[in-house]
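K.L.:
When you get a sec, could you build the whole thing from the sequences and use the hints?
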Amino acid sequence: MEFEAPVIDWAVLSPVLVVLAAGVVGVLIEAFVPDRVRRAVQVVLTLAALVGSVVAVALLWDRVATDGFAFVVNGTFLLTPFTLGIQAVVAVLAILGVLVIADRTRTGDDAFAPTAAAVPGTTYEDAAREAGLQQTEIYPLVLFATGGMLLFPATDNLIVLFIALEVLSLPLYVLCATARRRRLLSQEAAFKYFLLGSFASAIMLFGIALVYGFAGTVSLETALFRMAQPGGPILELMPALVIAGVLLITVGLLFKIGAAPFHMWTPDVYQGAPTPITGFMAACVKAAAVGALVRVVFTLSLGLDEELRRNLEVGLWAVAILTMLVGTVAGAVQTDVKRLLAYSSIAHAGFLTVAFVGFSETGAQAVLFYVLAYGLATLGAFAVVTLVREQDADGVVLGEATHLSHWAGLARRAPWLAAAFSLFLLSMAGIPLTAGFIAKFGVFSAAVVAGAWPLAVVGVLASAVAVFFYVRLIVLMVLTPPAEDAEGAQDAEVATEGQDAPDLAADGAGSSAAAGRTLAPARTLRRAPVVVLSSRGFATVAIVICAVGVVLLGVVPQLALDWAGQAASFRPVQP
Amino acid sequence: MNPYVPVLVLMGIAAVLALGGVAASAVIGPKRYNRAKLDAYECGIEPTPLAMGGGRLPIKYYLVAMTFIVFDIEVVFLYPWAVDFVVLAGFGLAAMVIFLALITVPFVYEWRRGGFDWV
Amino acid sequence: MIPGVAADFSADTIVTSIVKAVLVVVFLLTSVLFAIWFERKVVARMQVRPGPNWHGPKGLLQSLADAMKLLLKEDLTVTRADRVTYLLAPMISVFCALLVFAVIPFGPSVTIPFTDYSTPAQLTDFPVATLYVLACASIGVYGIVLGGWSSGSTYPLLGAVRSTAQVISYELAMGLSLVSVFIMAGSMSTSSIVESQTNLWWFLPLAPAFVVYVISMVGETNRLPFDLPEAEGELVSGYMTEYSSMKFAWFFLAEYIAMINVSAVAVTLFLGGWRAPWPLSVIGDGVLNTGWWPVLWFLAKVWLLMFFFVWVRGTLLRLRYDQFMVFGWKVLIPFALGWLVALATFQWLGLAGVTRTQMFVAIAAVALLAAVIVWLLPERKSPDRSPDDGGDGRFDAFAGGYPVPPLPGQSLPPSPRARRTVPPAPPESSGSPADVDAEETR
Amino acid sequence: MSSFPWLTALVVWPLVAALATVLTGAGRGRPASGAASGGGAFSAGSARTVALVGSLVQVALLVGAFGAFDTSTAGTHQLTETYAWIPALGASYAVGVDGVSLLLVALSVGLVPLVILAAWREQGGDHVRLRRYLATVLVLLSFMVVVFAARDVFLFYVVFEAMLIPAYFLIGGFGQGAQRRYAAVKFLLFSLAGGLVMLAAVVALYLQVPVDPATGLRPEDAFLTENLTGLALDPTAERLMFAAFFLAFAIKAPMFPVHTWLPDVTQNATPGTSTLLICVLDKVGTFGMLTLCLPLFPQASRWAAPAIIVLAVISILYGAILAIGQTDVLRLIGYTSVSHFGFIILGIFTFTSLGISGASFMMLNHGISTGALFLLAGFTIARHPRRSQQIADYGGMRKVAPVLGGTFLVAGLSALALPGLATFVSEIMVFLGAYARWPAAVLVAVPAVVLAAVYVLLTYQRMFTGEVGAEVVGAKDLDVREKTVAGVLVAALVVLGLVPGPALDYVREPAGVSVEHVGETDPEPVLGALEGSEQ
Amino acid sequence: MDLVNYLYLASILFALGATTVLLRRNAIVVFMGIELMLNATNLALVTFARMHGDITGQVLAFFVMVVAAAEVVVGLAIIVTIFRARRSASVDDVNLLKS
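Protein chains in written order, with our numbering: chain Z, 45 to 619; chain X, 1006 to 1124; chain B, 29 to 470; chain A, 268 to 802; chain D, 5 to 103.
Do not rely on the hints blindly, as some may be mistaken.
To be verified - Once the Cα atoms are required to be at most 20 Å apart in a straight line, the calculated DMTMM-like pairs of lysine to aspartate or glutamate come out as:
hint, chain 1, residue 1, chain 2, residue 2
1, X, Lys1042, B, Asp110
2, A, Lys666, A, Asp772
3, B, Lys69, B, Asp94
4, B, Lys101, X, Glu1115
5, B, Lys358, X, Asp1089
6, A, Lys666, A, Asp746
7, A, Lys666, A, Glu783
8, X, Lys1042, B, Glu102
9, B, Lys358, X, Asp1077
10, X, Lys1036, B, Glu102
11, A, Lys666, A, Asp744
12, A, Lys453, A, Asp595
13, A, Lys743, A, Asp660
Said to hold, decoys possible - Partial chain A-side listing against chain Z, Cβ under 10 Å, derived:
hint, residue
14, Ala355
15, Val426
16, Ile432
17, Ala451
18, Val464
19, Val469
20, Ile588
What the hints assert, rightly or not - Computed footprint of chain D on chain Z, listed as stretches where at least three residues anywhere in the stretch have a Cβ under 8 Å from a Cβ of chain D:
hint, segment
21, 62-70
22, 200-207
23, 455-466
Rather than coming from a laboratory, the hints here were simulated on the basis of the structure.
Keep in mind it's a predicted model, so treat the numbers as computed, not measured.
Where is the CB? At the ideal position from N, CA and C, for every residue including glycine.
P.N.:
The structure is reproduced here in structure tokens:
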């Protein structure tokens, strides 16, 4: 028996390896670094690793762009410009996500439970909180998840695809359960995510098994090549086998991007998970999963015959339409801001699907730009959510104020924050001069190019509905007076606002704000139920970057479009 | 002959024996009903209700179970490698050492964090 | 011939298999009867008392009498038991225990007396025979777990859980120690492994692995000093507390068969299997390694190990549960891992053409260097988790930044639920199993 | 001539001014939130001065632009600037004005200082709010300049949609009506819905541009209007695209039946906002019909013209009739605009030089006259202790505030197109133009003139004549600031009414170009008739 | 024996697992359903490997086992946490998020 050791081009693997290695180091840090400095070390390491990944992608860029691809061991790891593009997006978004995750507001707490394993509401948990413990394990977990995301779109090997899926999912399941507040809700979210996620991955795995059964290989391209060339080692049951397999794989991927009808987990999980994680998940997972889906679907489209290809297209049409409708219609009736954003993310999954129904490079370009634009806006939006908190009568800051009614009049408490949030919402709505507009333009162009203009029309209509719920939220923040104002015009707003929102613009509608001010001290000090916390820097940086990014991508998108155009090329099926 | 057939034969005999023994004692043995005899044993006091199912065990046991799974998988991967050690040679060794190192990392983590400290 | 298997079963038919299988079962059952007597007798000798001496010559029939008694006892099923599982558990135990011997070679190819029919003295063998052994042993644990769980009683449940934790902990070390044998033998087939020990039994070059195996085999079989799942003083009888009659007998039987099993595996993998020991093996150019002689050597080795079991039982005290687990996880496993890496490296160097002498010189150099470094390093006392540290008895649940259980010498704060105070126990007994149980039952 | 980028300057300067406005006194306003009325050299209070100066500088820039514009070739785009913006999408930053655009730019630039002046004491004396309000107005001004000067469909669309956001805040955030939020959302949703439908058409249009065979890509300036004009389009596709564009513009230029957001907005926004919104921003709708629908989709325009004419006539009558029934003065003015926009659309879809130049001229006139109405109504309302907008709450204002009464009357008369005022000229041109092609439409629409007289005079009568209303007895007449605002507007109306020639020079030639684009010819030489109609 | 029968068995097991996931309410049972699905896949993989005379399928089965193990660890951790918090492992009881 001869064994030939494979030659591994480590450089090609570097974007993924950097992140995963840092995750491993992070675990060791957990083991050995004293807890005082652990958080600082972890944050630095995590950010460094992600930056390193971005750098690695940049270094690889020219090479991959020139050659069209780079791979390791028969496509086990396969970089195309598109893949690299997705990796870049994921890594950049992950950096921003980590910034939000690492943020501690002025309360000194981050969003994570001091000991995630403790039973909620026990003295043990209280003791942990009082001891100022922190679950710094989240950083390695985030790194592992990111590593999985980087790997997810970058393989031709179906089993690696599956493993990447798990590597990205498993840490997320755990991360979902680590919220500091609303522990039960958080654990429940993790639980649901876990059950449904594993279910979907099991389905996908079975699909992979079927494809393997058909082709005798797990290389997607080879499998399709075999399909196109009868006479290979094809089982006689086939090609039903491979069609079922492909279908199941697609279902698994659609689940991950949260496309209807596999979207049910999204609102629950997004709502229950700690908000920074939700942001990270919403932005990065979607980017990675869409990357993988595009890769798989495009490869399929190259290998399938005309009829099957049409069927696939029809299926994607149905998914896209359903997803857009579900996302926008259900989103319109939500009363919780996180759920609302979750439904928005479902709708965006639909728009993304619109982009690649035609299997064109234009579509891939649109996808790349879209995930970047969407990711920035989503991350920013969730980052803002982390800063808007409830407080009790004594001014103790509680969990996030996610109910929409709490967001009324936010612009008065924190005009800049509200402005940023509005900007993100506008971008998601696709208003011109924001990134979202260019993104949607690209998506609909791609659809029309591919002859799917009815889809583009549905997309446009769905956008119109979606605008409604984004605008509703903006109205609430900017135009609706805060709840206490609504009750009585002279309510003691000032007592609350003093420290948090000094730049408060008193409402001049009829009543004299000055009167309210003089009355305030005389009343019992009533605190508003909602408070906007100032960040300790990280989240602010993330929000600012997201906002600047959204605007830049909206006003001068050329650079990003060029980049996406350069990246949106696919290697043809190898003969 | 398939080498697994003898195993099946042995299994059959073992099953017959296992079942037969219990059946035999059930048939031969005396039957004298006594409620106290059928109670759970607890040093003569009334048995704790809900020992089964509702009983909660220290979290350490779960921890051990989870750690075990990680290591068991490791061992499973070691066996084929060990058998083909000579063939795989340096590459196999390097891969396996990396693999072992990666497995050791969580092990070290758990150790440091007191995962193996009973009491 | 099956590729990768040394023994040749090509002549075997289904009839041969049935005969062999029956022989294996008979062998096991009689061995157990003998083993029980053997154990009682040896322990008695160690304790300077006669031991069983009433039934049969030297009390040899004592075990048979016990078995008969158990068969005639009332077959109880406790009211709170989960009936099906409760019934199934002992059967699983004994069933799995009986299966292991399917792949153990009693000897090489033997000729059936009065015929010229030649067949290996082994039921069967296949390329992953050792894996099969491990699988059977693992499934056997289900018997214990389910038995304890389905009894619907506290002690059995605790016994079952402990047993699971224990078995899986020691199984890892055992599995790791076997890997070195596979590396050396290049096969997992039992007959091939025995074949590979023609010149050198593996227990010598693989002494560390052998030691690990021997320790973990004792742990795996729940024998003293590791008999915590049934620890009489703590858990009455552990998982078998609620069992009686033949169901109890099956557990009992399974335990003894397990001892024979692990001994047989040890013999096969490390002690040359059926091969004659050195001075004998050279007699007559290895004539003692042919024919029926090897069965004798095999049995002798197995009973040597059985004696070891009994010896240990008669000598050592039961470990405290925490010590036991810590020993498994913090000593055996890392040691086995380290050994494995070292062995693999040396083997690879050997393949790469480095001579033994060079290797030994290198090892010596490294060892010397390590010794010097250790000597030079300032002695530093581990700051945390030293038993002496918590001398003041105050319990800080988050010493060192993460949640920790109370150290020996510290006491838990009074439990508000029980409205009773755990008296601050003296250091050596505060972590006693009784306390653990108190913890467990909460 | 085009050495100086006048248009870009006109775009950028308001943004600078907005920034300056928002930063003025920002440092001081902060610690004592809202208590910035205390003054100081750079208090929030002086922000309005900054804004005013900024807008006046803008006027100066506008004058420069006029100077650089060559009237003799008003039909072609001048002062053009073209820079690649998003080559990947074929979009460029391309601006340039022909006569019509220049007039509309002038309208927006000219109205803003007046709006700023009018808003001097608005927002309840809260200077921080006022500062933000004025800054938003200036931002909107920048957008308006771009949208009128855009020569690139993509640029046009982007700004067309982006304008909604400041407009939305102007209505919802700074409005005075109780239902301002509702109105703002209604406005936004209507406009966005139209805009998104238009987006689909924009995408579709882009894809009609032939691909460069060499590169496989579409040209980097594919979205330039000149590149999109004259494409050979599939008739069905053309009609669909036309419909999408037209829908967006019809919503914007409130046309029956998609006008319903308008009265709500005018009722709830401040008069200044309404001025900008109705008088300038909504002109984008009619402007778009004129400069995009007609040249880009000539066949479809001709195909749809009859239906549009019908809707336009309905708008004219419907707006006028409903205006009569209104009790809220601002709402009433809103409805009059529906009527007037009907005239403009009617004029555009006559496809005659006369009609189109009349419509173009009317866009300017209507802006001035309705602006005057809104602002003067605002002054009137400001004199009411409860700031009531109900017509019934007033009475005899003429006696307490004669200047206000007089200017209001002039503005009102201009709304009913009294000869001698600018609106008369344009309305007559529209009628003449329409008569040449759609005589029936004219016959049906003419009664609207009578209706206009009814609603204008009735309102004037109820508010300004008769017994002095109990609540407005102590009202003062216009002060200098208000007089300036009113005076400028009234003067413009009169001047343009008496000497329309120079202004018409700007619209005549573009109108001819438009007719040419549609592929029609003028039914008869009517330019002579125009001269005759001018009294 | 015809190897295709193994495929049928795998499919049936997979369907059983999926049905369990969809119908049963106890978290642990649902979880076991998922495991059953994974193991059915393993069976299919190994069968296919046999059919193709190719070792890849068996290797894949190893990978699947690893992943399944990791899933078990994570899943059990989550389920145990939830169970400890509310003393119930029923999916139906976990409904705070339904809104």
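K.L.:
Work down the list of hints and note, for each, if the structure agrees.
P.N.:
Evaluation of the provided hints:
| no. | hint | verdict |
| --- | --- | --- |
| 1 | Lys1042/X <-> Asp110/B | 16 Å, holds |
| 2 | Lys666/A <-> Asp772/A | 41 Å, violated |
| 3 | Lys69/B <-> Asp94/B | 15 Å, holds |
| 4 | Lys101/B <-> Glu1115/X | 48 Å, violated |
| 5 | Lys358/B <-> Asp1089/X | 29 Å, violated |
| 6 | Lys666/A <-> Asp746/A | 16 Å, holds |
| 7 | Lys666/A <-> Glu783/A | 53 Å, violated |
| 8 | Lys1042/X <-> Glu102/B | 11 Å, holds |
| 9 | Lys358/B <-> Asp1077/X | 16 Å, holds |
| 10 | Lys1036/X <-> Glu102/B | 6 Å, holds |
| 11 | Lys666/A <-> Asp744/A | 9 Å, holds |
| 12 | Lys453/A <-> Asp595/A | 19 Å, holds |
| 13 | Lys743/A <-> Asp660/A | 16 Å, holds |
| 14 | Ala355 | 4 Å, holds |
| 15 | Val426 | 7 Å, holds |
| 16 | Ile432 | 6 Å, holds |
| 17 | Ala451 | 7 Å, holds |
| 18 | Val464 | 6 Å, holds |
| 19 | Val469 | 8 Å, holds |
| 20 | Ile588 | 31 Å, violated |
| 21 | 62-70 | violated (count 0) |
| 22 | 200-207 | holds (count 3) |
| 23 | 455-466 | violated (count 0) |
When each numbered hint is compared with the structure, violations occur for hints 2, 4, 5, 7, 20, 21 and 23.
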